[in-house]
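Visitor: The primary structure of each chain is shown beneath.
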Amino acid sequence: MAPPAQSQRTQSPSQPSGKGEVSDLKTQLRQLAGSRAPGVDDSKRELFKKVISYMTIGIDVSSVFGEMVMCSVTPDIVLKKMCYLYVGNYAKVNPDLALLTINFLQRDCKDQDPMIRGLALRSLCSLRVANLVEYLVGPLGLGLKDSNSYVRTVAVIGVLKLYHISASTCIDEEFPLTLKHLMLNDPDAQVVANCLTALQEIWSAEASNSEDASREREALISKPVIYYFLNRMRVFSEWAQCIVLELVGKYVPSDNNEIFDIMNLLEDRLQHANGAVVLATIKVFLHLTLSMNDVHQQVYERIKAPLLTLVSSGSPEQSYAVLSHLHLLVMRAPFIFASDYKHFYCQYNEPSYVKKLKLEMLTAVANESNTYEIVTELCEYAANVDIPIARESIRAVGKIALQQYDVNAIVDRLLQFLEMEKDYVTAEALVLVKDLLRKYPQWSHDCIAVVGSISSNNVQEPKAKAALIWMLGEYSQEMHDAPYILESLIENWDDEHSAEVRLHLVTAVMKCFFKRAPETQKALGAALSAGLADFHQDVHDRALFYYRLLQYNASVAESVVNPPKQAVSVFADTQSSEIKDRIFDEFNSLSVVYQKPSYMFTDKEHRGPFEFSDELGNLSIGAEAAENVAPALMVEANDKDLLLSTSEKEEIKGPAYNGSAYSAPLYDASSPSVSSLSMQSELAISNPISAGNASPSIFAIDDLLGLVPATAPAPLPPQVKLNSKAALDPGTFQQKWRQLSLALSQDFTISPQGVAALTTPQTLLRHMQGHSIHCIASGGQSPNFKFFFFGQKAEESSNYLVECIINTSSAKAQIKIKADDQTTSQAFSDLFQSALSKFGSS
Amino acid sequence: MLQCIFLLSDSGEVMLEKQLTGHRVDRSICDWFWDHVLSQGDSFKLMPVIASPTHYLFQIVREGITFLACTQVEMAPLMGIEFLCRVADVLTEYLGGLNEDLIKDNFVIVYELLDEMIDNGFPLTTEPNILREMIAPPNIVSKMLSVVTGNTNNMSDTLPGATASCVPWRTTDVKYANNEVYVDLVEEMDATINRDGVLVKCEIYGEVQVNALLSGLPDLTLSFANPSILDDVRFHPCVRFRPWEANQILSFVPPDGQFKLMSYRVKKLKSTPIYVKPQLTSSAGTCRISVMVGIRNDPGKTIDSITLQFQLPPCILSADLSSNHGTVDILTNKMCTWSIGRIPKDKAPALTGTMVLEAGLDCLKVFPTFQLGFRIMGIALSGLQIDKLDLKVVPNRLYKGFRALTRAGEYQVRS
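Protein sequences appear in the order of chains A and B.
Per the UniProt record's numbering: the first sequence = residues 1 to 842.
Per the UniProt record's numbering: the second sequence = residues 1 to 415.
None of these hints come from the bench; they were simulated from the model.
Being a predicted model, the structure only gives us computed values, none of them experimental.
Treat the hints with caution; some may be incorrect.
Stated by the list, open to error - With a cut-off of at most 20 Å between alpha-carbon atoms, the simulated EDC-like pairs for lysine to aspartate or glutamate come out as follows:
1) A:K342 x B:D362
2) B:K260 x A:D268
3) A:K422 x B:E358
4) A:K342 x B:D232
5) B:K365 x A:D830
6) B:K201 x A:E360
7) A:K356 x B:D101
8) A:K342 x B:D190
9) B:K201 x A:E350
10) A:K356 x A:E373
11) A:K304 x B:D231
12) A:K342 x B:D26
13) A:K92 x B:D196
14) A:K223 x A:D261
15) A:K49 x B:D101
16) B:K270 x A:D340
17) B:K201 x A:D261
18) B:K201 x A:E796
19) B:K334 x A:D386
20) A:K304 x A:D386
21) B:K345 x B:D304
22) A:K342 x B:D219
23) B:K277 x A:E360
24) B:K268 x A:D340
25) B:K365 x A:E360
26) A:K49 x B:E13
27) B:K365 x A:E796
28) A:K304 x B:D232
29) A:K816 x A:D830
30) A:K422 x B:D190
31) A:K721 x A:D585
32) A:K304 x B:E245
33) B:K260 x B:D219
34) A:K49 x B:E100
35) A:K422 x A:E461
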């Protein structure tokens, strides 16, 4: 066999050499097409291989389509397979030529060999050409009734493919009902499993426009169906088991006995060789027992061993995925894993992303009994060749110290780091010693002795330098050359590029001044004048602030700069527990690997039309934008807090409050949104800006004032009357939703009555319909609901599209409006909100 | 669900592309991926799951070949990764190895296999037994046959019987003239010894590999003399759960041929068979190194293929190392390998030498980690012992074979 041509990555289809060869192939194929000479199949096979190898390396061989089809009349199955492959690849771009293939594919669908029947049917469905749908229906119908299970498995997936080409044909032919019948009655496990995947997808997509479909989708997670699957669990292939387990995870058992029955039935799955099955089972266990505290605890104990085995047995790639999940569980219940800390020891040759996860877990599981061993282990990593990991491990030591276990031993270790004379180790250690001192001032004596011996010239990293300067200021009494070190640092003011360091320098000199005035006076003068001349706003402002303060009253200045300090008891956590919970809800998904809930990393822009509909079915997505900003800002604020002493916190409060106000959930959850609407109109008077060009900064200002973050409506909002009989088909909706730009995005609260009434999405749909706002898709379970609504102007066919996310537990709603006519979107939004606010009260 | 699978060569060239759903994934994603690989230095540092601007990518690397799968929807990550691993395993088995040439020579088979393994993005079957019946492997026998008979069809005519049987991992009518079954205990010892010479962690990961060449539908039971030492176990789908639960007996109908019956973990082992004592002392820009290796606890069988590997720290300019037994090699990337082989009876192997440090460095601050490799035939270091293997219906000619092997897994000695 001829090896495929060596290709260059840059080779383009238009490359002359490729073209010549392709036309060569074309003539050769044509010669063979009609021939019945013996051995012709072999030469055909060689040619087909060539064609496919060209296709594989990216040369466009669509021009031989006709010849390929002509040659495909052959009993040779390998030739057939190659031809199917070729046709499947090019049919979509050559819909007219694809018609040529229909004939031979349809004939193959009636072949006596089930293998050929199956293959032909699969290829037929994979053509994905919309105008050939009519030819699909017949063979599919026969395929579903075929006596051979292989053909049936192919046909079931074929139905799903048909659905994606033409949903209406698929529904009209009542294929879903046939699938449902097959799912519950077919003797072959793979057919059953394929039916399940196909039906899940079809009904989730269909649920938005037909109540029947959403009822059918609900029926999938009803008790009889779930039990039917559970009882046949062992006969399914491992992949089908994953899908079934995913379904079982959605089922809500009626009582505890049922929960135990299910868990007993599934327990052996935890020992399955396939990691995907094990993880899916673990997810079911965790979710079933969420409400039962003790049992939930036991589940952790039970799944610990399988998870740890999975980590150590698989390939590095598998280990990583499992480790990410383990990480999540460790963070949720560190104490359960406390005795297994040795599993989180890093191996020398592991990739750094694995080491990083392990370090975090080691930090989390540290407690009284194991701290000593863990810290000893971490200290060994500090001498690691991998510098980022060395840093990370020093940080981990610090975090453990701040968790208050056996600080004694840890402080010694940290001080040893300072003596290691490696700049990055010193830098990290300095930052830690500073944090430690803020929490345990009693250690200042030991630490300062060591810190004092560090030459500031050896510290270059801004964070470390800032930490050192902070200590110099704070403990200038104990470190006798503190003023002189500070002075020399101020002399090099202009070489200091980090504003953070300069800020700290100004403050440290101030602190030092109040403790050792005569020695520092000169340095203070230099620092203040340098600070006043600084081009960085914050440095300048702080210097000016100190200057004025000193001018006003030195003793007040002292009480501001050097107040009696309280030890920090708890450092703020950087990742909010809400986010952690949400990731937990999405156990066994990509969210866990990214350590972000899916709404944070899935970008709707990048989803195709069908992912869009998929999303409607799977409403794990929560509120975004505002919440998205909040954690980031909080993290930043926290970081700053870590560095600054309490006295300095005031200064930072501005931005920090800014951040929290920006994301502040609306304060009064109980006040019905009617009142918020009236506030809006008040605001409108003072802020007459037309809704059309409401800029983000205006939102921000409103937010700062703590007002309802609604855009101010125009003084005379254009009236919108909606057509009560509006109609829009889902396809158009999706298309419009993608095309139109976002006109409005708002958050507001929902009245408690509304929350109470919103038990299922359907209740709200009926209510909104009364206000001429129609729903195109809805989904979700308490507390998160998601809806897509639309409205149509009464006199013209101008549409408003709304995405509405409601969280009933926080009584918040978030809407995004897109409109054909953007000028009236605010008016529509008001209409929408007032309609929503009446929900539950009528 | 996966939308597309690509196979990339070690130079980033697309060797194979298999679109799985109607949403065509453009090949440009591979360029993005490859740029990403290059930007990370080497693919080893690359996460198995990557978010590209348009898709989520799963990647695994086997023998220089990157298996890349794309998806745009949320899915269980392990399903993607695990599936790719199976694809790699199946291909390795079919092609008798895995490299660029093999894949390019047999790309039609690879397409055929993928076609049966996954449809519309959902994995169907990855069971090698079933696949082998649908698509004949391109082995020498079938090549010979095709030459002799002139029938070049590498497809079996019938559909796999197993798809309809209740034992999906086994084909229905297997016939052997001699019935044989081999059970291998293969263990890997993972150990970490810290700077002070203390055994920090020592664990054994073991597998029970079975090669069953038996006629009909054999029903086997395998029991251990001391199953209580096992900390956690994972089974091939063929193992029945209840007998294990009740009596720690493995009862199963095996697939035909070689397979992994079970894997297990034994933790908290107290001792290791070999000691490694590294010593590094540095003064005035040079560092003296001496490493001693010897037997700590004699396992009773010979330990062979002993190797010691370590990466010289980047701050070392040159190294002059010699040993009194075995050979020492230093590669250009400063990876140093000392092949010891067996430990002689009369002397303890030692590696000594001096290393010159970078200018300006007085003493070594980053210390190497030594990785030990060894192999012991005939013993499972965890102490696990097979008690007996029974067949429910004993065929007239039956041969049962047992073997054990322990080798070093992640066995690290820090200095």
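Visitor: Holds or violated: B:K334 with A:D386, Cα cutoff 20 Å?
Guide: Distance ~15 Å between B:K334 and A:D386 Cα, so the pair holds.
Visitor: Check whether the Cα positions of B:K365 and A:D830 lie no farther apart than 20 Å.
Guide: Not satisfied, since the Cα-Cα distance of roughly 68 Å exceeds 20 Å.
Visitor: Given the hinted pair A:K816 and A:D830, is their alpha-carbon gap at most 20 Å?
Guide: Holds. A:K816 to A:D830 sits at ~13 Å (cutoff 20 Å).
Visitor: Take a quick look at whether B:K201 and A:E360 sit within 20 Å of each other, Cα to Cα.
Guide: Distance ~19 Å between B:K201 and A:E360 Cα, so the pair holds.
Visitor: Checking one constraint from the list: CA of A:K356 to CA of B:D101, max 20 Å. Satisfied?
Guide: violated (37 Å)
Visitor: With the threshold set at 20 Å, check whether the alpha-carbon distance from A:K92 to B:D196 stays at or below it.
Guide: Given pair A:K92, B:D196 is violated - Cα atoms ~66 Å apart, limit 20 Å.
Visitor: Next pair to validate is A:K304 with B:E245; report whether the Cα-Cα distance is within 20 Å.
Guide: Holds. A:K304 to B:E245 sits at ~18 Å (cutoff 20 Å).
Visitor: Run the distance test for A:K304 versus B:D231: straight-line Cα separation, threshold 20 Å.
Guide: With Cα atoms ~11 Å apart, A:K304 and B:D231 stay inside 20 Å; holds.
Visitor: Check whether the Cα positions of A:K342 and B:D26 lie no farther apart than 20 Å.
Guide: Violated: A:K342 and B:D26 sit about 44 Å apart, past 20 Å.
Visitor: Taking only the CA atoms, is the gap from B:K201 to A:E350 under or equal to 20 Å?
Guide: Measuring from Cα to Cα gives roughly 16 Å; hence the hint holds.
Visitor: Is B:K268 close enough to A:D340, meaning Cα to Cα at most 20 Å?
Guide: holds (11 Å)
Visitor: Does A:K422 pair with B:D190 here, judged by a C-alpha cut-off of 20 Å?
Guide: It is violated: about 31 Å lies between the C-alpha atoms, which goes past 20 Å.
In this structure, the earlier hints numbered 1, 5, 7, 12, 13, 17, 18, 20, 22, 23, 25, 27, 30, 31 are contradicted, and the remaining ones agree with it.
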